[in-house]
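Build the complex: two chains, separate frames, hints provided.
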Amino acid sequence: MSTASKSKPNELLERYLYGVKFWLPKKQQADIIAELSEDLRSQVEDKETELGRPLDEDEMLAILKRCGNPIVVASRYRPQTQLIGPALFPIYEFVLKLVLLWVLLPIFIVIVGPALILPATNHVGAFFGVLGTLWTAFFNTAAIVTLVFAVLERTGAALDMTEKWGKCSLPPLPKRPQPPSTTHSIFELVFALIGIFWLLAVRHYPFLLLGPLSTFLTPAPLWNTFYWPLVVLACLSLVRHLIQVARPELTWFPPASQLFSTVVGLVVLKYLIDAASRTPSGEWHPFVMLANSVQTTGQLTRVVAIVNVSILLAMAGTWLGLSIAAAIQAGQLVRHFRRRTPSAIDPALLRLF
Amino acid sequence: MYHTVCVVHYMANSNGANPDLFETLRLELRRGCLVLAVLARLKTEHYGYTLRKSLSDAGLAIDEGTLYPLLRRLETQGLLVSSWREEDKRNKRFYRMSPEGERVFAQLLEEWKSINASLDRTLQEAGRL
Numbered sequence: 001m002s003t004a005s006k007s008k009p010n011e012l013l014e015r016y017l018y019g020v021k022f023w024l025p026k027k028q029q030a031d032i033i034a035e036l037s038e039d040l041r042s043q044v045e046d047k048e049t050e051l052g053r054p055l056d057e058d059e060m061l062a063i064l065k066r067c068g069n070p071i072v073v074a075s076r077y078r079p080q081t082q083l084i085g086p087a088l089f090p091i092y093e094f095v096l097k098l099v100l101l102w103v104l105l106p107i108f109i110v111i112v113g114p115a116l117i118l119p120a121t122n123h124v125g126a127f128f129g130v131l132g133t134l135w136t137a138f139f140n141t142a143a144i145v146t147l148v149f150a151v152l153e154r155t156g157a158a159l160d161m162t163e164k165w166g167k168c169s170l171p172p173l174p175k176r177p178q179p180p181s182t183t184h185s186i187f188e189l190v191f192a193l194i195g196i197f198w199l200l201a202v203r204h205y206p207f208l209l210l211g212p213l214s215t216f217l218t219p220a221p222l223w224n225t226f227y228w229p230l231v232v233l234a235c236l237s238l239v240r241h242l243i244q245v246a247r248p249e250l251t252w253f254p255p256a257s258q259l260f261s262t263v264v265g266l267v268v269l270k271y272l273i274d275a276a277s278r279t280p281s282g283e284w285h286p287f288v289m290l291a292n293s294v295q296t297t298g299q300l301t302r303v304v305a306i307v308n309v310s311i312l313l314a315m316a317g318t319w320l321g322l323s324i325a326a327a328i329q330a331g332q333l334v335r336h337f338r339r340r341t342p343s344a345i346d347p348a349l350l351r352l353f
Numbered sequence: 354m355y356h357t358v359c360v361v362h363y364m365a366n367s368n369g370a371n372p373d374l375f376e377t378l379r380l381e382l383r384r385g386c387l388v389l390a391v392l393a394r395l396k397t398e399h400y401g402y403t404l405r406k407s408l409s410d411a412g413l414a415i416d417e418g419t420l421y422p423l424l425r426r427l428e429t430q431g432l433l434v435s436s437w438r439e440e441d442k443r444n445k446r447f448y449r450m451s452p453e454g455e456r457v458f459a460q461l462l463e464e465w466k467s468i469n470a471s472l473d474r475t476l477q478e479a480g481r482l
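Top to bottom, those sequences are chains Y and D. Note that the first sequence covers residues 1 to 353 in my numbering. Note that the second sequence covers residues 354 to 482 in my numbering.
One-sided excerpt, in silico: chain Y residues whose CB lies under 8 Å from chain D:
no.	residue
1	L36
2	S42
3	V73
4	Y77
Here are the simulated EDC-like cross-link-like pairs (lysine to aspartate or glutamate), alpha carbons at most 20 Å apart as the crow flies:
no.	chain 1	residue 1	chain 2	residue 2
5	Y	K47	Y	E14
6	Y	K47	D	D416
7	D	K406	Y	E38
8	Y	K21	Y	E11
9	Y	K27	D	E428
These are computed hints drawn from the structure, not numbers from a lab. Glycine included, each C-beta is placed from N, C-alpha and C at the ideal position.
So that you can see chain D by itself, here it is in the shape it has in the complex (with noise of 0.2 Å):
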């Protein structure tokens, strides 16, 4: 995942392409990577906060413009379940990944490593040319 980022991003830099475009197509490529972090991460039990600060920490910082709606869709989806509780004196929604989330995952995970092997060779290739 990251790699592909790099790459993507140094093609922008070193073509002076279109900054919007750029924005635009780094957008396109994180989308469908996020989901597969948030439900990484959703193996065990968090709060949207230290869910965002996780994900931040391992280098994939999401605005809470993006995780909100997204984690809402997982759940109608019905990828992932919720509850509000109390902690530290305040009310916070956990998420965790539900049965079917989890199957789902595993799947997507296959595809995301198929697509990376493949992303791998094909920019191996290139780079060869």
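For reference, chain Y alone in the conformation it holds in the complex (with noise of 0.2 Å):
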């Protein structure tokens, strides 16, 4: 065998140990890799004596491989470090998933989504845009909450909170989901009654909306495209009370047709703001005009302008309130259906606990 064959079995034992030694702490590389060496020359010299020749280069290798990766042998050598260590990890879980899901992910889809899309002459572009946005403010609130947390680790207030705990911060156990009770349903069944008795007589009656007003303000013609969907819309109301009263037992129905009712109400009153914006400006009476028997004056526009502005300023905060109600609402079902999977734990077992 050549002096160079020879060599590069111990060159690959030189690499290997060289290989180690970038990975560990500076401080400790001299001592772990001599140790470390001493153990591998040992197994060589065992090899070959058992062999009586010198080691081939593929036999060195098979030791080399069997102790195992540089990196990984290195890292043996380390104290465990964790950005975010298994005790805050839960926590940390929790609070990611509260922020995005529960809050960056409701503000983008009912208010800053609304506010780029709907003004937008592009439509899909300003969705789009809406989107990269989401994902920018969605990698900088997860990337701000693992600093939190990681700090927090490091600092060992982690350890602090987990370890001081006691009877009054045990969470309270979840309230077992009632139907509604059957006074309630009748109550609100004879409500939704009552609104579509008003809605029927209130053009015919403007009194009822209008009050006092009512004498010299009249409804605008817009209300002649919406007047039906809304009856509509209360006539679906009455038809979801009256199911709650007959199947009350159908406890995924409320929440589910109380969502359809708040997704379908925010449509109409969608096309109603969009229409009410379309109203030429000089004329802009959208929800009430003067009356024709009323003679036109300065105060009495005034005041037809002032109620106009108040029922859209009205109608937008309804919008902005039903899109949170249907937030929530989505929210509600969800949590209804995950109840009703077998892997969800009943209250009422844990109680028994």
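Rendered as structure tokens:
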């Protein structure tokens, strides 16, 4: 065997040790490498004695392979480090979910999205723009939350937090979902009926809507377009309450139908606001206008303008409120179906322990 | 110790359990036992390679990547003392148990005997079911 071929296995060993050394803490490098080197050389000697000849490259490689990847070998000498430890991780996961899914996402769906998409001329472009902004916001928020928890982990605040607990810090058991009481459902049904009668009557008796203002104000033609959709919406609500009274065992129906009603209401309201905003600005009285019999004066025109603006603001507020309600109702519906899955823990079972 | 490992091995093979899962559980099971075995062997002085060989001959094979970090940890904890010495024209690091190590080892041994007895009873009862 030539000198060059003899040195190759040894060179392999040296390279392996250098590979391990590279990943070791500087202060311990020399000590650890001396010890590991001694062990590996002893193994090589034993093997050579057994074979009666020097090891070739493959045999040396087999010994080194069994010892393990240099990075893994070096990592075993390091203390275990974690960005966020097991004690803090469940809280981190909970906060991250809460911030991203229950704060950031609803804000984008209800406020940022509509504010950027609705006024835009190119809705598709604006939608993708909002998606990009949402992704950046998600990424930045997750990074900040992670950083805060990493600092808590390093400072040992987590240990303090996880060790200090008592009776008061234990969460209350979740309330078992109860179907709405029959009395409650009957009251809702009666109010829905009164609502429909009021809506049917208001067309002929504007006093019911405008009160004393009806002496000189009359509903604008816009209501002719939206009157029947509003009646249909009220009828849907009536049917919903009827089903709730007739079939109280359908626990999924109240949250699902409530969400459906809210979404339909949002759609109707959106078109109503859109139609109002399309009214020519010179004669902007989309909701109420002066009755034909009344002579136009400057003061009355101002009253009409104030009433119209107030109605528009009330509608915008309702739209915002309904959007938030839709997000909450969607969450309730999801929780309802989660509770129905077999993996979910029945709160009644929890009480047994 | 051997008895416990055999039982776990049997269960994994007979149930066709996930081999990765078995490996993880096996390593968990061995971790505590290895400390005890290493301390027991280091009542007399050894350097790493001979310690590994003696453990392996006793049926407790341990690779260098596990043994040396463990020896360092035990030394940092004050259970072992070490010194570099030349032997057969090579520098070797010799380990032996410190007085503190002997005290802790005695306690661990008692604990081990108690665990082993409890485990034996539990496994015997499980075998009767």
